[in-house]
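In full-length UniProt numbering, the protein residues as written are 1 to 115.
Heads up, some of the hints might be wrong.
What the hints assert, rightly or not - Below 25 Å or equal to it, Euclidean Cα-Cα: the simulated SDA-like pairs (lysine to any residue) are:
1) 64 <-> 46
2) 64 <-> 95
3) 49 <-> 62
Unchecked claim - Label pairs and their computed distance ranges (CB to CB):
4) 10 <-> 78: 49 to 59 Å
5) 27 <-> 5: 50 to 60 Å
6) 30 <-> 2: 13 to 23 Å
7) 41 <-> 71: 40 to 50 Å
8) 59 <-> 29: 13 to 23 Å
9) 35 <-> 3: 47 to 57 Å
10) 77 <-> 22: 50 to 60 Å
Honestly, the hints are just simulated from the structure, not real lab data.
Think of the CB as a built atom: it goes at the ideal place given N, C-alpha and C, for glycine as much as any other residue.
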Amino acid sequence: PALYATSEKGLEQQRLRAHKELHTQVIAAVRQAIAAVQRDPLRAVVPLKNSADQESQLGLQELKELLGQKELSWRNVADAVENALIRTARGEVTWRKRGNAAAQRNEWQDSRYYL
1 PALYATSEKG LEQQRLRAHK ELHTQVIAAV RQAIAAVQRD PLRAVVPLKN
51 SADQESQLGL QELKELLGQK ELSWRNVADA VENALIRTAR GEVTWRKRGN
101 AAAQRNEWQD SRYYL
């Protein structure tokens with residue numbers, strides 16, 4: 001039940017009343033909810049693997065090869081790309097077009113082809 005108060009004294013009285021009268025009901029409701037969640041058959045299943053994780057790791061591996069940085073991670077990829085762009089703008093690095101092998105390798109890995 002709702003417990004309303006319009007003053008500090010009323011608020012304190014409602015808190016005492018709630019603790020006195022509703023304490024056991026709240027405990028029972030919480031225990032019942034926890035038990036229901038623990039018995040839920042949907043929690044027992046193993047979730048599907050996320051293909052995005054595999055794709056992101058493949059993308060990171062390709063960036064490692066492209067930038068020549070074995071220690072590259074998703075945490076430092078932005079800095080590595082920024083540095084590569086700066087070095088390219090200064091003429092310190094030149095790039096050549098990659099072959100089509102990378103595109104062909106990933107062609108059937110595209111998530112649009114999965115059921």
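Results for each hint:
| no. | hint | in the structure |
| --- | --- | --- |
| 1 | 64 <-> 46 | violated, 32 Å |
| 2 | 64 <-> 95 | holds, 15 Å |
| 3 | 49 <-> 62 | holds, 22 Å |
| 4 | 10 <-> 78: 49 to 59 Å | holds, 56 Å |
| 5 | 27 <-> 5: 50 to 60 Å | violated, 23 Å |
| 6 | 30 <-> 2: 13 to 23 Å | holds, 19 Å |
| 7 | 41 <-> 71: 40 to 50 Å | holds, 44 Å |
| 8 | 59 <-> 29: 13 to 23 Å | violated, 47 Å |
| 9 | 35 <-> 3: 47 to 57 Å | violated, 26 Å |
| 10 | 77 <-> 22: 50 to 60 Å | holds, 53 Å |
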